[in-house]
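S.K.: So the chains spell out like this:
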Amino acid sequence: MIDERRESQACFYALGALPLAEAQEFEQTMRTDLELQLLVTELRAAADSLPASFLRVDPPPALKTKILGAVGGGGWTPVNIVLWPGALPMWLPWAVAACFALLCVLLITSGRSLREQTAQLKWQLEETTRRNDELQHQGNELQSTLAANFTNYQQRLSDLQKQITQTTADSQRERAARETQFVQKAGETQRQLTVAQQQLAQKNAELGRLQELAGANFGVPDNFTELRVGALKPTPDGPAKASAVTVWDAQRQKGILVVDSLVPLTPEQTYQLWLFDPRFATPVSGGVFNVDPRGSGRLQFLAGVRVDTVDRFAISVERRGGVAVPQGKVVLAGN
Amino acid sequence: MNYTVWMDGPRLGGKPGGPQLGYIKTRPVNHPPNTPDEVELLRRIARQDRQAFAQLYDRYAGVLFATAFRVVNDHEEASDVLQEVFVQIWEKSAAFDPALGKPFSWALTLTRNRAIDRLRAVRRRYRFLEEITQEMEEPADHHTAGDELFGRERALLIRAAVEALPLEQRQAIEMAFLGGQTQYEIAEALKQPLGTIKARIRRGMLKLRDRLKGLS
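Which chain is which? The protein sequence lines are A and B, in order. For the first sequence, counting from 1, position 38 maps to 38 in the numbering used here; every step adds exactly one. For the second sequence, counting from 1, position 19 maps to 1019 in the numbering used here; every step adds exactly one.
To be clear, the hints were calculated from the coordinates, so they are not data collected in a lab. Misleading hints may appear alongside valid ones.
Covered stretches of chain B, as calculated for chain A (at least 3 residues, CB under 8 Å) [said to hold, decoys possible]:
| # | segment |
| --- | --- |
| 1 | 1046–1055 |
| 2 | 1064–1070 |
| 3 | 1074–1083 |
| 4 | 1105–1118 |
| 5 | 1156–1163 |
| 6 | 1190–1202 |
Simulated restraints, written as ranges between beta carbons of each label pair [as the list claims (entries may be wrong)]:
| # | chain 1 | residue 1 | chain 2 | residue 2 | range |
| --- | --- | --- | --- | --- | --- |
| 7 | A | 122 | B | 1099 | 32 to 40 Å |
| 8 | A | 58 | B | 1163 | 18 to 26 Å |
| 9 | A | 35 | B | 1091 | 36 to 44 Å |
| 10 | A | 137 | B | 1192 | 50 to 58 Å |
| 11 | B | 1168 | A | 140 | 58 to 66 Å |
| 12 | B | 1192 | A | 135 | 50 to 58 Å |
| 13 | B | 1168 | A | 62 | 52 to 60 Å |
| 14 | A | 57 | B | 1087 | 46 to 54 Å |
| 15 | B | 1087 | A | 22 | 29 to 37 Å |
| 16 | B | 1122 | A | 58 | 18 to 26 Å |
Glycine residues also receive a C-beta, built at the ideal position from the N, C-alpha and C atoms.
Please take these sequences and the hints and turn them into a complete structure.
M.R.: Take a look at the structure:
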């Protein structure tokens, strides 16, 4: 069945009035459509009949002579003569028949191959359709998963926002608490500083008393220019709370030592005071002493040799009776 | 069914010098008889037989001249067209393959194309109304251009079938066939919608085909 559009195209085509592009498309369609070919044939025959209806207008009588003269005149070139069937060699029909038979064989082979290709293509089409369905299914699943994940991520985002809000509030509370703690500690530190200052004042007062005492002992109450006062502090081997103060009179070559919070020793042991003069390679012994059960002790000492300058003082634990050079642990030291 | 093809069809789009189409044809219903002697004449012409050429001229000149005159509407120009066509037949007859078409169809196509080319060369258009007015003044039994080729009786019947078409259908058909105008050009010239022109030509051609079938 030919539709109206094709019928219309066929009419214009038969009349030679179809535009070029449309005519080419029409010819392609016509090649595979026998019904359309038949229609065009009939329409073309109708078009060829149109001149039969025209008014008779005879050509000028001289025209025939003129045309015959034009084609028969000298100088026209011979044309190619087509060999018509009557002039063909006798073997030509047999050759044509052989070619036709060969063509048939080729067409049969080609047809078989085309059928196989068609079957294969059909199988490929089915396979492709199946894959397409699978992909569609996978696509739907992925879409569902995506939607679920999106919902989960929204929930997680909401949770995270809540956590951030909570953490921020906690941080602010913690910061406020730390600020309060800091203020409290600052107050405590201030109080400790006050106590330390009071203790320092007491120590200074004690130092004053010691100086007064030293002045009384050495008979030079108002002249401290030759006195060397040293404060000894515990070493890592000594008691943490232990302390000692020593006063050395370089002019008289004698001094006094007051210790506190030292550990009482066994009877086989004794504390020994050492004076460090840069002139000597080894310290100079200031004498041995022991402490009472509370760890307090007092020693008036004399240097065995002339000591002009004392850089440092030290107290060590030695065997009873003392030693010539320090051998035991140094528990207090200072300058 | 016996299919034959001729290659020298009308020019695409009616453009001078444009590619020409081939047609697949069956034996035409009201076509001039494809007598063996027409083919034989062309074969002889291919062998430079001037006598055969003269015979073919006598057979085709009337209808081809009338066709050319119908297009260019000028005796002198129609004569020039006819001369060019027959010279072309003389020169190209060797290339004519009877398996590809009918001698008359080939000659008619050559004539039509030459005439349309000439019409375009002088920038004129096919004037349907002038032609049809002259035609209507002629008596119904007046000789037609197809008398020699189709036979007087059949030529009259063909003329009657053509003239039975509504005027607007016949006008559109002739503008396409003889004017070499496309459907768009016809629609523009007649100031009608394109669909109307298509419908007129389609109905007219189908009607003509059916009536000519009846004649056979």
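S.K.: Confirm or reject each hint.
M.R.: Taking the hints in turn, this is what the structure says about them:
1. 1046–1055: Coverage by chain A holds here, the residue count being 6 at a Cβ distance below 8 Å.
2. 1064–1070: holds (count 6)
3. 1074–1083: Per the Cβ count (5), the hint holds.
4. 1105–1118: It holds: at least three residues are needed, and the segment 1105–1118 of chain B offers 4 whose Cβ sits within less than 8 Å of chain A.
5. 1156–1163: holds (count 5)
6. 1190–1202: holds (count 4)
7. 122(A) to 1099(B): 32 to 40 Å: For residue 1099(B) against residue 122(A), whose Cβ atoms are near 39 Å apart, the range 32 to 40 Å holds.
8. 58(A) to 1163(B): 18 to 26 Å: holds, 21 Å
9. 35(A) to 1091(B): 36 to 44 Å: Once the Cβ atoms are compared, 38 Å apart, the range 36 to 44 Å for residue 1091(B) and residue 35(A) holds.
10. 137(A) to 1192(B): 50 to 58 Å: holds, 56 Å
11. 1168(B) to 140(A): 58 to 66 Å: Hint holds: Cβ distance 60 Å, inside 58 to 66 Å.
12. 1192(B) to 135(A): 50 to 58 Å: Holds: the Cβ-Cβ distance is about 53 Å, inside 50 to 58 Å.
13. 1168(B) to 62(A): 52 to 60 Å: violated, 40 Å
14. 57(A) to 1087(B): 46 to 54 Å: violated, 21 Å
15. 1087(B) to 22(A): 29 to 37 Å: Holds: the Cβ-Cβ distance is about 33 Å, inside 29 to 37 Å.
16. 1122(B) to 58(A): 18 to 26 Å: holds, 23 Å
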